[in-house]
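Colleague: Both chains are given apart, each in its own frame, so use the hints to dock them into the complex.
What follows is the residue order along each chain.
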Amino acid sequence: MSEQELKSGPLEYQTEDGQLKIIGFWIFLAAELALFATLFATYAVLFGRTADGPTPGELFEAKSALIMTFLLLTSSFTCGIAIHEMRRGSKKGLITWLIITLILGLAFLGFEVDEFITYVHEGATIQTSAFWSGFFILTGTHGLHVTLGVGWATMILIQLFRRGITKVTSRKIFVVGLYWHFLDVVWIFIFTSVYLIGMVM
Amino acid sequence: MAEQSKKIPTQHIIGFALSVILTIIAAWTALGSDLSTTWIITGIMVLAVLQAAIQLFMFMHITEKGVGNAPWNMIFHGFVIVAIIVAGSLFTMSYGFGHDMNDMDNDNMDMEHMEHMEQDN
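Protein sequences appear in the order of chains A and B.
Just so you know, we're using this note's numbering here: the first sequence kicks off at 1 and counts up by one.
Just so you know, we're using this note's numbering here: the second sequence kicks off at 1 and counts up by one.
Next comes chain B alone, as it looks inside the complex (with noise of 0.2 angstroms):
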């Protein structure tokens, strides 16, 4: 019970700290920095899956338990449905299809395969 008496929410503090440098690190990886499209895809991605992580511990109390480890298992088993369902749908829709715009012989090409799968179908 000391923990719920504190004045001061150390945790909170300290979450909502990380999250905002978080944000502003996510938000200079995308505007500011040099690296490749891949790489900051990548890096900011990490960096989200990390701010939902100080969500869910320092702020939502995942740990705590109710009955056995209710919480945890769901929003695992959440996140693994998440997972299938993005990276699926995108594996299976854009595989071979090219999502730069500026690039216009791509997008010819794009619309001729898509034709072709019409066609097919």
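Chain A extracted, bound-state conformation (with noise of 0.2 angstroms):
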């Protein structure tokens, strides 16, 4: 990014108020990567204290973690499209790429609220063991994290609607993008901590 793009850059970067809100917003993101880092610690340290409960190796499916990965991950993907026709000027393409990233992260909770059910008639519940206790929260931590992600970006999507793209709606576009990605993240970290290595051991 050069000097000279700053001045005349993105529009949610063009006002002061913007550009704090935006930073401010990178330390929240710090402060939830320490949130996560605690409770994927607690997942690692309980790994494989299942007690007589299932083991994860008996009820991880590669099949339906894959299929949430690739859900996750386009709607990481639509979302940064919805950014990028957000610096376009497009309306109308914001609008439409933000409610298929919508959509996409509910197909995902669908399928991860179907996961947790299917546990649960499998005998894995949080009170079965230590492990599932700390599966149980990590993951659910996630998906709650998604829940709330949806409710705001619709709750904005309102705002777009009726105020169309300003420095304002631009600001918290680019802010919900920025949350919506870092989910992502933090997925891609459950994906490879929790499902492919409880697979692998």
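Calculated from the structure, these hints are not laboratory results.
All residues carry an ideal CB built from backbone N, CA and C; glycine is no exception.
Among these hints, one or two may not hold up.
Chain B is nowhere near these chain A residues, computed Cβ spacing over 12 angstroms in every case [said to hold, decoys possible]:
#1 A65
#2 F111
#3 E112
#4 D114
#5 F116
#6 I117
#7 Y119
#8 T128
Below, in silico cross-link-like pairs of lysine-lysine (DSS-like), each with a Cα-Cα straight-line distance of 25 angstroms or less [claimed, not checked]:
#9 A:K172 / A:K92
#10 B:K7 / A:K92
#11 A:K63 / A:K167
#12 A:K63 / B:K7
#13 A:K172 / B:K7
Modeller: Okay, here's the thing in structure tokens:
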């Protein structure tokens, strides 16, 4: 990014208020990293502490984990396209891609809920063992974040319909976009260290 | 501004293609390859870090400057904290304990070990 671009740059950076709020959101994301780090650490420490309950290897399925990963990965991509469209000044493109993103996010949540129900039916609840407590807290916290993200983005979508792309709405969309990509970053680590490692060990 | 008015978001498409490829490689490494468990875990963790980097640089515009280099600093320090918490917890809580559940002897040994520790306390 050259200096010149900064001055005339994207709409969301053009006011000091917008810049500060974007920086503030990065601080929030760094704090979120610390939150998820503690949950990952708990999960890692409790790994294998399955008591008499089912083991991860018995319940994890490569297929559903991969479907969830691709849903969230694609939604992160469409969200990136939405921001791209916003910077081109296309309200229609922005709304279209944002709605696609939300649908993919909801599909992801559907799969996650379905997966939790399956596990509970197979005898792995949050109370079954330390391992499953760690698992449900970690993936559940991520799922809760996705749910909040969907609600948040929906409300901003309503503002966008009413006010169009302004310095304020563009900043809000950029921030919710950062949040959405961040959730994908967290999911990549859940996919790798929970599902893949759970199936290997 | 030339980059912003482009119709095709090249950077995003490349980023997306790379993440899909890395996911497939990671899944194959874990489920289809003959590598040892240690190498699989090391390999897929490296792939996950690469994917996170793709998200940060290609989708999240982490290098864009608002006020100074703040985003970059925040996330860098965030990841340092993540590494310390996760690796530190694993080291202090699991050092010397087997994670292998199929090995009953190992499990029993852990149990004895834990009981010892409780008595010591």
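Colleague: Hint by hint, note whether the structure agrees.
Modeller: Outcome of the hint check:
no., hint, verdict
1, A65, "violated (8 angstroms)"
2, F111, "holds (16 angstroms)"
3, E112, "holds (17 angstroms)"
4, D114, "holds (20 angstroms)"
5, F116, "holds (22 angstroms)"
6, I117, "holds (24 angstroms)"
7, Y119, "holds (18 angstroms)"
8, T128, "holds (14 angstroms)"
9, A:K172 / A:K92, "holds (17 angstroms)"
10, B:K7 / A:K92, "holds (14 angstroms)"
11, A:K63 / A:K167, "violated (42 angstroms)"
12, A:K63 / B:K7, "violated (35 angstroms)"
13, A:K172 / B:K7, "holds (23 angstroms)"
Going down the numbered hints, you'll see the structure goes against 1, 11, 12, while the others check out.
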